[in-house]
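Chemist: Given the sequences, and given the hints that come with them, work out the whole structure.
Note that the sequence shown covers residues 3 to 809 in this note's numbering.
Be careful, since some hints might not be right.
Subject to a maximum C-alpha distance of 30 Å in a straight line, what follows is the list of computed BS3-like cross-link-like pairs (lysine-lysine) [stated by the list, open to error]:
1) Lys116 x Lys100
2) Lys150 x Lys100
3) Lys572 x Lys534
4) Lys150 x Lys116
5) Lys100 x Lys160
6) Lys645 x Lys572
7) Lys465 x Lys435
8) Lys465 x Lys645
9) Lys160 x Lys150
10) Lys233 x Lys572
In case anyone wonders, no lab produced these hints; they're calculated from the structure.
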Amino acid sequence: MFNNMTIALRHLSRHRGYTTVNVLGLAVGLACAILIFLYVGHELSYDRYHEQADRIYRVVFNDSAKTPRSVGPALQADFPEVQSFLRMHPTTGTWVMKYEDRIYYERGVYWANKTLFDFFALPLVQGDPDRALEAPYTVVISEDTARKYFGDEDPMGKTIVADNGFLLLTVTGVMENMPANTHFQADFFISLASGFEVYKVRWSRENWDSFFFYTYIMLGDGQSPAALAAKFPDFVDRHVGEQLQVRGGRYEFSLQPVTDIHLYSHLENEPGVNTDVSYVYILSAMGLFILVIVCINYVNLSTAQFAHRVREIGMRKVLGATRLHLVRQYLGESVLLTVAALLIALLAVWLVSPWFDGLTGMPASAGFMGHFWWWIALPAVAIFIGLLAGGYPALKLSSPGAIPGLNEGQTGRPDRSSRPSRPHETDRAYTRKLLVVVQFAISIALIIGTGVLFIQISYIQNKHLGFDREQVIAIPSIAEVAYQYQPWKDELLRHSGVVDASQGIYLPGLAGNIGNITTETAWRVDDPDQVKHDLQGIIVAAGYVETLGLELLVGRSFSGPLDSRAESDKILINETSMRLLGWDTPEAALGEQVGFGIGMTQTVIGVVRDFHLRSLHLPIEPLVILYGRGQLVAVRIQPEDTKTTLAFIEQAWTRHFPDFPFAFSFIDEDIDRLYRAEQRIGYVFAVFAVVGVLLACMGLFALVSYTVERRTREIGIRKTLGASVRRMLAMLAAEFVGLVLLANAIAWPAAWLIMSRWLESFAYRFELGWGVFFASGIVALLITVLTIGYHVARTALANPAEVLRGE
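Modeler: Right, here's the structure in full:
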């Protein structure tokens with residue numbers, strides 16, 4: 003074994019160029035694969051760290067992640083298989099928190115009952131998890147929040163003023179910062195008992211019509227979620243059957259494993275932006291493809307070295323070496339190379355981790371290397387790759403056909419002029435070409451996938467959403483603004499840089515991530531059958547249509563002060579609602595009455611053109627727009643001299659609301675954040691696609707180099723006889739261009755199927771045409787021609803006499 007290692011090191015040292023290219027190629031491929039699978043591992047790890055993760059399920063209502071507040075207690079009371087339940091209620095919009103004279107805007111605020119710490123692994127560094135959220139007016143905060151509010155002081159027992167003075171919260175616990183791999187993020191958990199004390203009317207304990215809560219249940223050991231879900235129709239009939247007979251509408255519950263939420267859930271009112279499991283599949287395939295490419299490179303580079311080793315192999319066979327000895331020798335070299343490449347790859351991963359973390363949003367990617375299974379898997383994978391990549395060259399080099407190497411020239415180059423090519427040489431040539439076809443098919447597919455992904459991202463970022471999102475700022479509202487913003491708005495409108503302003507619970511394009519979109523059961527009052535329909539409902543103030551640039555097809559928008567009752571029985575609807583309720587034209591709907599709930603009627607005063615209330619992953623839904631106050635203020639400003647206008651808005655804010663800091667965001671930037679998952683995956687895909695193509699180019703470079711070397715004499719003679727460089731380039735290019743065309747024929751259908759299926763996850767997508775496919779083919783052909791041209795030019799421009807003398 004030691005002798006084999008010595009021989010391997012001697013050979014690798016003698017051929018430094020070959021060794022360097024092989025090791026670097028393997029190292030780059032392994033580093034890319036490690037980074038990809040770190041990212042994939044992070045995506046798959048969401049919510050799996052909870053101790054009882056396999057028994058925790060989220061209750062889903064219709065197509066929404068939020069449920070009625072009463073469903074949790076009712077499920078536990080009705081079904082013995084439900085061991086426990088958890089209710090969480092996210093606060094809508096931005097909350098103002100105050101400690102002493104310091105004011106903070108906070109978004110990660112949840113109400114939760116005391117079972118929170120039984121369900122989710124949120125270790126407390128201070129406080130008792132069994133009692134921290136038991137009493138009213140208590141709050142648990144994160145470590146970062148504790149440092150932000152209290153510095154080095156002990157936060158326990160301190161009082162935070164919340165919800166504009168409605169709540170005085172005592173800190174009863176400090177939890178570790180929530181890990182990134184959980185489907186919701188929070189810095190504050192207020193005891194649910196506080197809500198029942200403060201909002202007794204709105205938070206009535208028995209309520210099946212207010213859908214504000216995330217409800218989770220924990221099943222007992224061995225209990226089947228499918229069996230429980232099968233009982234839900236009777237459960238609904240038992241609790242809300244009489245209401246449904248009056249109002250109608252869909253009312254269904256289902257269960258969702260908590261570990262599936264991040265990758266498989268795209269419901270309404272999700273607590274955050276989830277990703278899609280298809281990205282995990284695509285990136286996993288990319289990681290495997292890159293490993294395949296580097297393995298093929300190794301095989302091609304190794305077989306290209308055959309001519310330099312046939313003499314050595316022949317000598318060793320004559321001296322008694324068996325085929326097993328030769329195979330062990332060559333596999334030893336291969337494993338040695340891959341282990342060296344692995345060490346370099348690990349160093350590279352450590353060096354690029356900060357950049358990769360910033361690219362993907364994944365925290366401390368190198369930290370995953372601390373898991374023991376990485377240190378078991380990585381050496382095993384490296385050895386496997388070494389054996390796999392070295393297997394074919396080892397078997398070929400140790401075959402009986404290597405013995406004639408003793409009869410060949412001193413350089414080890416076969417005397418091709420004295421004998422025809424042997425069958426095994428032809429087989430090797432076909433094998434190398436086949437491997438190059440596979441490499442380029444993978445590379446072309448990666449180019450196509452990257453192109454499609456970026457075109458779709460550009461499409462959704464630039465698609466007209468049915469409103470004008472440019473030059474609109476969103477300001478988080480507080481109670482003082484919600485009820486006293488008219489004087490502030492009047493001052494804003496006197497400035498030439500301010501176009502309009504309004505309030506609303508939601509802004510288009512952001513609604514699914516800000517708070518609650520209510521589901522309203524509605525019907526036409528003049529419909530004798532009183533057919534019920536579910537409409538999505540939002541609340542807005544006067545000026546909302548104008549500020550957001552919605553297109554009013556007929557009628558008028560809301561007007562008048564918020565404290566006026568004149569508009570309280572008026573509504574706007576979108577085109578989808580108009581058609582759902584049975585009106586053929588906007589004019590037909592104008593002035594008609596729509597019934598809601600039990601006995602409430604509203605008059606349609608306008609129809610707006612359909613616009614995207616949510617992200618483009620979801621289709622436009624039937625919408626009713628009601629009149630009232632909201633948690634967000636929207637201000638449209640002129641594009642000229644934006645800084646001056648923003649400074650004026652801030653000054654006006656400070657004059658009217660001196661106790662509250664001014665904060666804002668541009669809604670076009672907020673909307674772009676809805677597609678952060680696609681953007682991140684696009685960048686990751688692009689980076690590794692480029693690396694994959696470069697690695698494939700290395701394989702092509704090796705094969706062309708080997709081919710040109712084998713035909714050096716022919717090129718020299720052709721040049722002596724007057725052949726031009728262009729003609730010799732065309733002669734060699736014809737062979738390789740055919741390989742690239744074959745690779746395109748393989749890659750195009752596969753890429754079409756994969757990317758077409760991915761595009762189906764978007765309700766709105768660009769039409770997949772052939773342009774990106776032709777572009778990928780042209781790129782592959784260009785790379786091929788340039789690579790061949792380099793080698794042919796180098797050989798053809800040499801002195802023919804020197805070339806022939808070397809032969």
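Chemist: Indicate, hint by hint, whether the structure satisfies it.
Modeler: We went through each hint and held it up to the structure:
no.	hint	verdict
1	Lys116 x Lys100	24 Å, holds
2	Lys150 x Lys100	12 Å, holds
3	Lys572 x Lys534	19 Å, holds
4	Lys150 x Lys116	25 Å, holds
5	Lys100 x Lys160	12 Å, holds
6	Lys645 x Lys572	38 Å, violated
7	Lys465 x Lys435	44 Å, violated
8	Lys465 x Lys645	27 Å, holds
9	Lys160 x Lys150	13 Å, holds
10	Lys233 x Lys572	40 Å, violated
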